[in-house]
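Using the UniProt record's numbering, you'd call the opening residue of the sequence shown number 1 and step up by one each time.
Any given hint might turn out to be false.
[As the list claims (entries may be wrong)] Here are the simulated DSS-like cross-link-like pairs (lysine-lysine), alpha carbons at most 25 Å apart as the crow flies: (1) K5 - K19; (2) K11 - K79; (3) K5 - K48; (4) K11 - K71; (5) K79 - K19; (6) K79 - K5; (7) K19 - K71.
[As the list claims (entries may be wrong)] Simulated restraints on C-beta separations: (8) G46 - P3: 34 to 40 Å; (9) W10 - V47: 16 to 22 Å; (10) S74 - V22: 17 to 23 Å; (11) E84 - A41: 26 to 32 Å; (12) V47 - P3: 50 to 56 Å; (13) N37 - S75: 18 to 24 Å; (14) K79 - F35: 17 to 23 Å; (15) Q56 - Q7: 24 to 30 Å; (16) D77 - Q55: 31 to 37 Å; (17) A6 - N37: 43 to 49 Å; (18) Y80 - G30: 31 to 37 Å.
For the record, the hints were derived by calculation from the structure and aren't laboratory data.
Idealized CB from N, CA, C, for every residue including glycine.
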Amino acid sequence: MSPEKAQAYWKENISMIMKLLVVWFVVSFGCGILFINELNAIEISGVKLGFWFAQQGAIYVFVILIFVYVKAMSSIDEKYGVHE
Numbered sequence: 001m002s003p004e005k006a007q008a009y010w011k012e013n014i015s016m017i018m019k020l021l022v023v024w025f026v027v028s029f030g031c032g033i034l035f036i037n038e039l040n041a042i043e044i045s046g047v048k049l050g051f052w053f054a055q056q057g058a059i060y061v062f063v064i065l066i067f068v069y070v071k072a073m074s075s076i077d078e079k080y081g082v083h084e
């Protein structure tokens, strides 16, 4: 792989990781701490949404982010010809 292509690969990889980290931060810190009062105004099956996000929702989002990362990395790897 040429140095230019390798640099483009890592730039795209880091860009994707940064986007996923922003989602991770918003869900964990935002929904679990900053917006908890607004989310607690919404109840689903008797459970306040802010509490649910702080206890379980963030974990679900993190697991989903893992699958999104795998799918995105597979596509980036194929694009640059470094897939297995």
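Name the hints, by number, that the structure is in violation of.
3, 8, 9, 11, 13, 14 and 15
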